[in-house]
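**Q** The chain contents come next:
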Amino acid sequence: AQTVTQSQPEMSVQEAETVTLSCTYDTSENNYYLFWYKQPPSRQMILVIRQEAYKQQNATENRFSVNFQKAAKSFSLKISDSQLGDTAMYFCAFMKRETSGSRLTFGEGTQLTVNP
Amino acid sequence: DTGVSQDPRHKITKRGQNVTFRCDPISEHNRLYWYRQTLGQGPEFLTYFQNEAQLEKSRLLSDRFSAERPKGSFSTLEIQRTEQGDSAMYLCASSFQGYTEAFFGQGTRLTVV
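Protein chains in written order, with the numbering used here: chain A, 1 to 116; chain B, 1 to 113.
Source of the hints: derived by calculation from the structure; they are not laboratory data. Owing to the predicted nature of the structure, the values given are computational and were not obtained by experimental measurement. Each hint should be verified, as a subset may be incorrect.
What the hints assert, rightly or not - Simulated crosslink set (EDC-like; lysine to aspartate or glutamate; CA at most 16 Å straight-line):
#1 96(A) / 29(A)
#2 78(A) / 10(A)
#3 70(A) / 26(A)
#4 57(B) / 78(B)
#5 96(A) / 56(B)
#6 96(A) / 78(B)
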């Protein structure tokens with residue numbers, strides 16, 4: 001079974017600054033995907049960024065980037081130039097790469113608050 | 001198509017009553033997932049369908065829970081004889097086979113009193 005751990009229940013950052021959210025995971029799988037999802041208050045969860053485990057290059061999406069350390073089973077999210085709209089719950093998630101199903105295993109979440 | 005739709009958004013029920021939730025996925029998506037999210041926690045997988053076939057169920061899905069996707073389109077999740085521990089947000093997500101991104105609905109918040 002896979003587990004995902006987010007050790008920071010809450011974080012805050014000033015607008016325009018950079019913040020890093022941590023995530024570690026445990027798995028015996030070799031082929032998998034890792035994700036960061038964002039859940040704004042009272043709104044649906046949306047995908048922020050995705051990383052394929054077989055790719056060494058860290059994924060980047062505009063202001064969002066990851067630091068993927070496969071050997072350490074670490075997957076952190078860096079948000080640059082933080083904006084007020086980034087305030088949300090952020091979940092790290094794991095997905096096995098298989099053909100029969102693709103359910104997500106989530107961490108506990110980190111509540112990020114961006115202050116003006 | 002505006003995304004994954006869930007109905008109702010909120011449900012308050014008395015302990016022991018039955019409740020049913022509905023999820024309408026994105027129309028071309030053949031995979032549909034149900035998750036449960038309790039306050040302050042990440043979503044936990046309950047079950048998933050590929051087309052109309054229910055392919056996996058979590059141990060969390062007790063005998064009081066049943067899910068259907070009769071025509072491979074919308075899905076229902078029924079909870080019989082609700083208990084206070086069933087109070088949670090029930091999330092539905094859909095995806096297209098072969099693609100990793102799952103699209104989530106806004107969820108149904110269940111409160112059992």
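**Q** Next step is simple, just say for each hint if it's right about the structure.
**A** Taking the hints in turn, this is what the structure says about them:
| no. | hint | in the structure |
| --- | --- | --- |
| 1 | 96(A) / 29(A) | 7 Å, holds |
| 2 | 78(A) / 10(A) | 15 Å, holds |
| 3 | 70(A) / 26(A) | 10 Å, holds |
| 4 | 57(B) / 78(B) | 14 Å, holds |
| 5 | 96(A) / 56(B) | 14 Å, holds |
| 6 | 96(A) / 78(B) | 28 Å, violated |
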